[in-house]
Amino acid sequence: MTIQSSQPFHEPFEGVDMSELERSLMRPRTFLDVAGSALTALVTGAALVPLASVLWMLVVRGGKSLSWNALTQAPPAPLEPGGGFGNAILGTLVMVGIAALISIPTGVLAGIRLAQAREDDRIAFAIRFGAKVLTGMPSILAGVFVYGSIVLLMGGYTAYAGGLALAILMLPTIVLTSEEALRMVPTLMHEAAVGMGATSTQAVWMVLLPTALPGILTGVVLAIARAAGETAPLLFTALFSNYWLVANGYLELAYPTASLAVLIFNFSSVPFENQVELAWSAALVLVLMVLATNLIGQALASRRAGAR
Amino acid sequence: MPTNHQTFAQPPSARQRVLDQIFGVLTRAAAWIAGLLVAVIVLQIAWKAVPAVREHGLSFLTGTTWDPKQQQFGILPQIWGTLYSSLLAIVIGGVLGLCIAIFLSEGFLGSFAFRVLSLFGAQHRRWALRIPDRADLLLRNLVELLAAIPSVVYGLWGIFVVIPLIRPWADWLHARFGWTALFSEPLQGPGLLPAVIVLTVMILPTVTALSRDALASVPPKLRIAAYGIGATRWETMLAVLLPAAKRGIFGAIVIAFGRALGETMALAMLIGNANKISLSILSPANTLAALLANSFPEAGPKEVPVLMFAALTLLLITLVVNVFGALIMSRAGVEKKA
Chain G
1 MTIQSSQPFH EPFEGVDMSE LERSLMRPRT FLDVAGSALT ALVTGAALVP
51 LASVLWMLVV RGGKSLSWNA LTQAPPAPLE PGGGFGNAIL GTLVMVGIAA
101 LISIPTGVLA GIRLAQARED DRIAFAIRFG AKVLTGMPSI LAGVFVYGSI
151 VLLMGGYTAY AGGLALAILM LPTIVLTSEE ALRMVPTLMH EAAVGMGATS
201 TQAVWMVLLP TALPGILTGV VLAIARAAGE TAPLLFTALF SNYWLVANGY
251 LELAYPTASL AVLIFNFSSV PFENQVELAW SAALVLVLMV LATNLIGQAL
301 ASRRAGAR
Chain D
1 MPTNHQTFAQ PPSARQRVLD QIFGVLTRAA AWIAGLLVAV IVLQIAWKAV
51 PAVREHGLSF LTGTTWDPKQ QQFGILPQIW GTLYSSLLAI VIGGVLGLCI
101 AIFLSEGFLG SFAFRVLSLF GAQHRRWALR IPDRADLLLR NLVELLAAIP
151 SVVYGLWGIF VVIPLIRPWA DWLHARFGWT ALFSEPLQGP GLLPAVIVLT
201 VMILPTVTAL SRDALASVPP KLRIAAYGIG ATRWETMLAV LLPAAKRGIF
251 GAIVIAFGRA LGETMALAML IGNANKISLS ILSPANTLAA LLANSFPEAG
301 PKEVPVLMFA ALTLLLITLV VNVFGALIMS RAGVEKKA
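Chains as they are written, first to last, in the numbering used here: chain G, 1 to 308; chain D, 1 to 338.
These are computed hints drawn from the structure, not numbers from a lab.
Please note that the accuracy of each hint is not assured.
What the hints assert, rightly or not - Examples of chain D residues lying across from chain G (beta carbon under 10 Å, computed):
| no. | residue |
| --- | --- |
| 1 | Pro11 |
| 2 | Ala30 |
| 3 | Ile33 |
| 4 | Gln44 |
| 5 | Leu145 |
| 6 | Leu261 |
| 7 | Ala299 |
Every residue, glycine too, gets a C-beta built ideally from N, C-alpha and C.
Take these sequences, add in the hints, and give me the full structure.
Below you can see the structure in the form of structure tokens.
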């Protein structure tokens, strides 16, 4: 069948109301479409209000009493003026450090093992599943576990126990992200290394790990950021302390240890103005620490995305 | 063996082979630790809870008083508070989070920025090319920033911002609708409502990120086909994209529900720690996690097994929800690949 050239071209459109093809808000379909988009825009805007409010309060109330003294002194007694949370900053850093020392080697090694597993490896599947379930476990239960196994055994609250509880929370994130990063390394590179006669250890250390390093670091940094802000697992593992962790120039880790998060919790519900203000300042410092760590992680992640 | 600098490849030496073995054992051990940690935690908490289970049995789960002095322990109010607060938060947070996920996955902000730029005829200028994508990325990061703020800071914000803010509204609700079960008690500062509001904000990023991923993983040809037969953006969304992504979205909601159940600090600071069962969202309540946070630091040797029993209950509830969520997510992932 051929198109008859005798027919004028415009004829098929005769009798068609062209205005129906125009976009008009008067039509229910179009109106609902625009209304739906507006609704989601509204909700998204509303979700940013709490974020703005939190950050605003942190800057205004937290910034008000933030001073060099606040950063370097020990917490004040209830009605005492001044004071600070220097020991809590130190305690947070020390406990996150302990947690990193435990969880990074374990997590990366486990990630290496999982990345080498075959698709149908049931044990690897089970381990991965266990790690995934662990990421969703309430953080306070890590504290309960450490309380039951370490605190009761050692007979007291220590920085070690706090660090271990944080390590439990960091571990699954590190395992899962380092496996993912290692799996992104092209198989060809691994095969080339093995083909040149590298043992699997050499292939891992000289080829896989250096290539996957940005991805692994991203996971590690994000895990650290999360651990730094955790409160619940520290409540009854490290407890709190009004004193410095340092005695005679050494770190004393076998004693109750202050942390920024627990300080905020303790000082948030007291009727003493000075302590409440310190809680806000501590919250500002804690959020700045966590955000800075997060930014480092995101910078690493975007560098990895750029390299790909 | 002749040493020759031209030789690149050599068989591994004995030392390298031993190192290889040791490294293999190490990675395997680490993997076992990571995998078995969940089991160890469950068993250890269960083991410590045995004395309390033996003493109180099931009446522990159905009792309504918590009084260490009288040696009376029941956690039904805490179980109720945990489930009720999380359910309220997931209903609100689920709807809002899904809206934000749609907004993000459709790139509304980007297309808006594009339209604004094209008003000035600048959309194809060199400096303007990346603005729409940048705007979308910025918004996504802002929503994820909500997840980066520690929960204790949310608690502090709840005490000093949310509670004073909602108090007049809560009083009005109580005065007008006090006859309904939802508002039958006045708000006395801390209570279920501020706790739920803060909890909703805290689970938003989880719901949003996971359901955005689910929406983004719907094959583009479905969307194109829907547009091709003349569907509007929202007809495509409601009739094609959401049904295609529903498993992933459901998984996102289950996982966020698990997070809400275990959330501790914000609730311990905001919910009021009152052991009572009430439908009223203005009355104070308690949750399992908040009970643990408030009681453990000062627990005597008699109280510890009881608290371990409460921890075990929380663990089992969250474990069931999380395993369920992880299963849904992995099945949604399988479908995606197929």
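Using Cβ atoms only, decide whether D:Leu261 comes closer than 10 Å to chain G, and label the hint accordingly.
holds, 7 Å
Taking the closest Cβ pair, is D:Gln44 under 10 Å from chain G?
holds, 6 Å
Against chain G, is D:Pro11 within 10 Å by beta-carbon distance?
Cβ of D:Pro11 sits 7 Å from chain G, so the hint holds.
D:Ala299 as chain G interface residue, shortest Cβ-Cβ below 10 Å
holds, 8 Å
Does the interface hint hold: is D:Ile33 within less than 10 Å of chain G, judged Cβ to Cβ?
holds, 6 Å
With chain G as the partner, please determine if D:Ala30 meets the hint condition of a C-beta pair closer than 10 Å.
holds, 4 Å
Minimum beta-carbon distance criterion (10 Å), D:Leu145 to chain G
Holds, about 6 Å.
When held up to the earlier numbered hints, the structure conflicts with none and fits them all.
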